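Sequence order for the protein chains is L and V. Here the numbering used here is used: position 61 in the first sequence is 163, and no number is missing along the way. Here the numbering used here is used: position 219 in the second sequence is 321, and no number is missing along the way.
Hints should not be assumed to be uniformly reliable.
Repeated chains share a single entry, so a pair holds when one copy, or any two copies, can fit it.
[To be verified] Calculated pairs, DMTMM-like style, for lysine to aspartate or glutamate (alpha carbon to alpha carbon, straight line, at most 20 Å):
id, residue 1, residue 2
1, Lys368, Asp292
2, Lys462, Glu358
3, Lys411, Asp469
4, Lys462, Glu364
5, Lys343, Glu367
6, Lys262, Glu364
7, Lys183, Glu295
8, Lys224, Asp176
9, Lys229, Glu273
10, Lys368, Glu260
11, Lys309, Asp176
12, Lys462, Glu185
13, Lys262, Asp342
14, Lys343, Glu260
15, Lys411, Glu198
16, Lys174, Asp157
17, Lys262, Asp361
18, Lys368, Glu358
19, Lys337, Asp176
20, Lys368, Glu198
21, Lys343, Glu189
22, Lys262, Glu367
23, Lys368, Asp418
24, Lys368, Asp342
Just so you know, these hints were derived from the structure itself, not from any lab. Small disclaimer: the values here were computed from a predicted structure and weren't measured.
Number of protein chains: 2
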Amino acid sequence: MNRRDFLAATATAPLLGSLPLFANNNSSTAVDSLLVHTTTPMNAEPHLANLVKSDITPVSQFYIRSHAPNPKIDPAAFRLKVEGLVERELSISLSELANDYSSVRVTATLTCAGNRRYEHSKVSPVKGVPWREGAIGNAVWSGVPLAAILKKAGVKQEAKHVWFEGLDEIEKGGGIIPFGASIPIPKAMDSSEKMPGAMVVTQMNNKPLTPDHGFPVRTVVPGYIGARSVKWLGKIVVSDKPSTNHYVATAYKIVERADAMEWAEKAPIYRFVLNSVICTPVADQRVEPGNLTVRGYALPHGESGRTVKSVEVSADGGRSWSRAKLGSTSAYCWCLWEANVSVSPGTNGLLVRATDSAGKTQPQHVDWNKKGYLFNAWHHVPVK
Amino acid sequence: MNRRDFLAATATAPLLGSLPLFANNNSSTAVDSLLVHTTTPMNAEPHLANLVKSDITPVSQFYIRSHAPNPKIDPAAFRLKVEGLVERELSISLSELANDYSSVRVTATLTCAGNRRYEHSKVSPVKGVPWREGAIGNAVWSGVPLAAILKKAGVKQEAKHVWFEGLDEIEKGGGIIPFGASIPIPKAMDSSEKMPGAMVVTQMNNKPLTPDHGFPVRTVVPGYIGARSVKWLGKIVVSDKPSTNHYVATAYKIVERADAMEWAEKAPIYRFVLNSVICTPVADQRVEPGNLTVRGYALPHGESGRTVKSVEVSADGGRSWSRAKLGSTSAYCWCLWEANVSVSPGTNGLLVRATDSAGKTQPQHVDWNKKGYLFNAWHHVPVK
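Next up, chain L with everything else stripped away, as it sits in the complex:
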């Protein structure tokens, strides 16, 4: 922690849940009390007891996933390019984005495909940021439906996928590449006002994006893993195939060997999966036998209309389950929950599992995969 971060941490300590004092568009967001995995690039997640305090995650408690240092972007000179299989190429300034398009505001959860990765590593080591359970957050996003921009550009008949390209510079294989993603055309063209398939976002929780979260412009793709919500968005390309960028063609796939054959056979991960996590008590916390209040989050499968239907907690290894009270539930959003369980002396801990409105329940176990993605087995928290 450098001196500035230390000051920020001190200053914001009594203000947990409000916006950080020192966040602005010209410096790094204060990473007050986050668990920082790497600083260059910044990869950090909140502590679980903080994460579960509010349904809308404060920017200061929102996980940060970056593949390169934050790019320096001059808002006045910034232009969002739209290219590829379109009738008209576009080059959109920030003021045009604000004035020429109708804005919408939606609440949606972002989560890293690698959330809970460290649990994979208990089976066999997995490379990548060793995310615990905090690489998730729920925010209010304001911006323009991607469909509105694509309609202005005019999408050609043969279009199948829309690529996003960041302005970051990632060192990869001896060269420099931007972070990239793509989404299928039906998702990109979904112009539902309440929940567009994808958005070009300028505000997070009603404030301009911070540099750590993609200032000045990012995509947010509700229901999809965070990697498809590209920060520092510089270019949109309409194509007849998925992006050939490393982070679509190779990374972010469920693979066992991670060789050329598997990369060609497997689809990119798009949707996040049904999940639930116990946030308090935290692992190895001392708890008294008797009644215990347990809190956490649950996430529905990232499909239209699917919501968290029930969350169950067990304090006896899965023999009996207590149903949790749920906070607000909606599609593409997490749901906070609270359960009361009776803890016996000598318990080996707590388990949680969620079921969503499609009747699917989280799996008890999941297969290991080489990159450690989409871990969603029943969450176990050992207590003393």
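Take the given structure of chain L and dock chain V to it, following the hints.
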């Protein structure tokens, strides 16, 4: 059954396991004793008690999966075209295929992605051929490694997938399309002599292909679902993306809704999955309490080097398991097995599950999917 089939059935009845008397290259294969789902196009599978009689499946007992009537092909005029991202387009006659390329012979199992589909329909109805457990067979295939043909054509740098196009004519959406498939370039270019990644095949069990199985030329792609082994092969196209044919872009994917969004998000199914089936006794057969011999087949996951490692049978609902004796095991091939179990009065039937050399065991249950593909839950056979 028409008169000709009836004659064939009568004639071949005592010759089970040998080649059918009436099969030749100018008429339909005799479908002696097959369970015929549809005749135009022909879709049929053997009875399980016959299927399990020999490690190499006789052509007469090999399942038939067609999407259109068998095309009439003049062997003298036939040319296999090779096009797309190649240095030199090719047009290969049957004599050139026989004389200009080294031939290889491999044993590999083909199985329909829809094998065991009727079990999906027990949960919720699934369209498509209601395959029982017989849409699988193990044969000796002779032909030319696809890699040898592609090397002669010269594959361009940007190639990523190889498309196959049949000479059949399928009515689809008011038009006529050929059956199509594609496989990734690393699979297509795998030139291993013992087991090439893919083959252009002219012989099945050391005889020319029959019309039902693709005469004069088909592909065989070891480890992949049968749909990638295209019959009546007419054209090979090298491309930078998977085939846009209906049977790659839309069909043969694991989907829940089968809409444009899901088709765009999901990869085509390539590999077949770990499976096992009880072939004798058959369902609802009367068995005496006491010792019982159970026979069936098991299939490893269709990955290089994976073989069936163990097969277990239970006669008490999964409380205890008897290990089966295995026949020959090899990658990309099924394995026949035999187990002895003790049956109690009032048993609700037999269960089987297989484990392959990667340590993976078949799942007890599988999620329903809308097209009914890759059903590989523990196989249950009720007996009386």
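Task: Numbers of unmet hints, in rising order - done: Hints 7, 8, 12, 15, 16, 20 and 23 not satisfied by this model.
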